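S.K.: For this one, chain A is given, so just place chain B on it according to the hints.
Protein chains: 2
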Amino acid sequence: MVTIKDVAREAGVSVATVSRVLNNNGYVGVDTRKKVMEAMAVLEYSPNEVARSLYKRESKLIGLLLPDITNPFFPQLARGVEDELSKSGYRLLLGNSDENMDKELEYIQTFVQNHVVGLLTATNHVEDTLYDSLKLPIVMLDRAYGHYPSVYSDGREGGGLAAKTLIDKGAKRITLVKGPAHIRPAQDRFKGAMDVLSEADVDFAVLATTSYSFEEAKGFAEELFIKYPNTDGVIASNDIVGIAVIHQALKLGKVIPDDVQIIGYDDIPQCSLSYPTLSTIRQPAYEMGRQAARLLLSIIKGESECERTMQMPVEFIERNTTRKE
Amino acid sequence: MVTIKDVAREAGVSVATVSRVLNNNGYVGVDTRKKVMEAMAVLEYSPNEVARSLYKRESKLIGLLLPDITNPFFPQLARGVEDELSKSGYRLLLGNSDENMDKELEYIQTFVQNHVVGLLTATNHVEDTLYDSLKLPIVMLDRAYGHYPSVYSDGREGGGLAAKTLIDKGAKRITLVKGPAHIRPAQDRFKGAMDVLSEADVDFAVLATTSYSFEEAKGFAEELFIKYPNTDGVIASNDIVGIAVIHQALKLGKVIPDDVQIIGYDDIPQCSLSYPTLSTIRQPAYEMGRQAARLLLSIIKGESECERTMQMPVEFIERNTTRKE
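Residue numbers (numbering that gives the first Met the number 0), protein chains in the order written: chain A, 0 to 324; chain B, 0 to 324.
The following block holds chain A by itself, in its conformation from the complex (with noise of 0.2 Å):
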């Protein structure tokens, strides 16, 4: 039986260096780190502890399930979770559900195998039963649901502030690009967007689509100009989808802003290297990955007096595809 201390000899380490690499905490250099897992990968060390710390559920791994990496917002998201839940030692394992629920199901699955202590979620299939029954910490990412503590920003505000800064800035003819239907953060703008153009006094359209995907953001981009020549203001589902009617706007020889305004949903990276930069709705995504992380640490300790629901604030970010003044 090999024991603890045969591969802190065979890595040439304290035992206590060992236990800080099995159990990740504590700080342990590269080097130290690499020698130690050698050293248990040659003596085919199967630790006690690890068994221990799974069946206890005292594993230091979280889940993080996302609706689809392909979408700069969410890996923007993982990183901050993951810097902040490193801080304290855990580990995440993320699932990417590619909002398709069958893998949604199988990853839930694959975390509660492997023990994880503790769930975040930013898909939009499943429902609270099975949450419920998980007797897991939850934190929900990205959106409000049910009863559980969860982290997110205000995206009837948010859509709000888009129509109202469109309005503000002069546009006439709106439309307002509807995000897909079963992604409830998209509801909830498109709703947002709508109360104000709603009470205003100013033309606008609807624009239905069915996805968020750099693929398809293109053809929306084209069937809007077709069915709404004369737009002088597009609210855009989110940045893709912004960054798509930049150039087809441009494609048809129009001028931005003068000819027509945009505003896009998130702030990804890429909005600053659009051209012209598209002004958007920044969601602070890597903080409320960070502000998620915390709170689930904090349920998980029981700290039972944290905040259950963090709301984060949204803000308009005036780049220029909008008017200045």
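These are computed hints drawn from the structure, not numbers from a lab. It cannot be assumed that every hint is accurate.
Identical chains blur together in the list; that is why a pair holds if it fits in one copy or across any two.
Stated by the list, open to error - Calculated cross-link-like contacts (lysine-lysine; reagent style DSS-like; alpha-carbon spacing at most 30 Å):
| id | residue 1 | residue 2 |
| --- | --- | --- |
| 1 | Lys-4 | Lys-134 |
| 2 | Lys-59 | Lys-134 |
| 3 | Lys-163 | Lys-250 |
These figures come from a predicted structure and were not determined experimentally.
M.R.: Chain B in isolation, oriented as in the chain A frame:
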């Protein structure tokens, strides 16, 4: 002691169905899977099968290590891997190392402790002593390395193709953006471009950069036109940098491609949304992910006749940042 039979009774399904859910083989409908998972959770079923599979290393988990999920190239790879694995009932654990060796080691440790049956890695830091010691089937993705099976595209050829394309299209004062030194594929494509430029009858300059991130790309693009204001052809280190170069060129009032041609690398989805759309060297990311997953599964299953290294083709994708004819 709760058994699989109790779970089946609670869920109102057959034992075989519970077993299919547990082992993730055969078809299980979404509603059925949910019922079984809820029953397991309600009964606090601690499955012997799972425990056994964990210790016999017969989990159906595969680890995938990515260097940077905020670079859109890698989510495309990951989706290819995921789609292929899920066909065979395998599940993916994703780790994002953020180009940080410590994180990379931590993820490997997490994967090993969770008994992955194979590892796919697209990272840049770990040397083979560690990988060798793991005694796990490993496939390198997006790079060839040592004696490991690998799936990658030919960076040297791709870099050469980028340079040759710009020269053929009449560029005379080429700027070659050299990607980060620690990223192996970046160095391959740099060398490939250098081989061609050195032989050709053109002026050229090299701009060294330290990162592929969206945040820093803008600064590199500014630096490029300050140092080489008269360049008429830019070979970008990847598409992100290419899109930043488009932005900066337009900002400086240059006409693309008449004043300056730009060529990217990777063919991320954003290339067709920039304006003008970015000509680039395409790596078949999704297909690379699929092939790497297939190769890994064939190694896990002991099918030794399989191809051990796959070099995928690169190709020039003509869009609007290079001259036609």
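S.K.: 30 Å Cα cut-off: does Lys-4 pair with Lys-134 within a copy, between copies, both or neither?
M.R.: between (36 Å within a copy, 21 Å between copies)
S.K.: Tell me, please, which holds for Lys-59 and Lys-134 at an alpha-carbon limit of 30 Å: within, between, both or neither?
M.R.: both (17 Å within a copy, 24 Å between copies)
S.K.: When Cα atoms must be at most 30 Å apart, do Lys-163 and Lys-250 count as within-copy, between-copy, both, or neither?
M.R.: both (27 Å within a copy, 29 Å between copies)
Hint violations for this structure: none, all hints satisfied.
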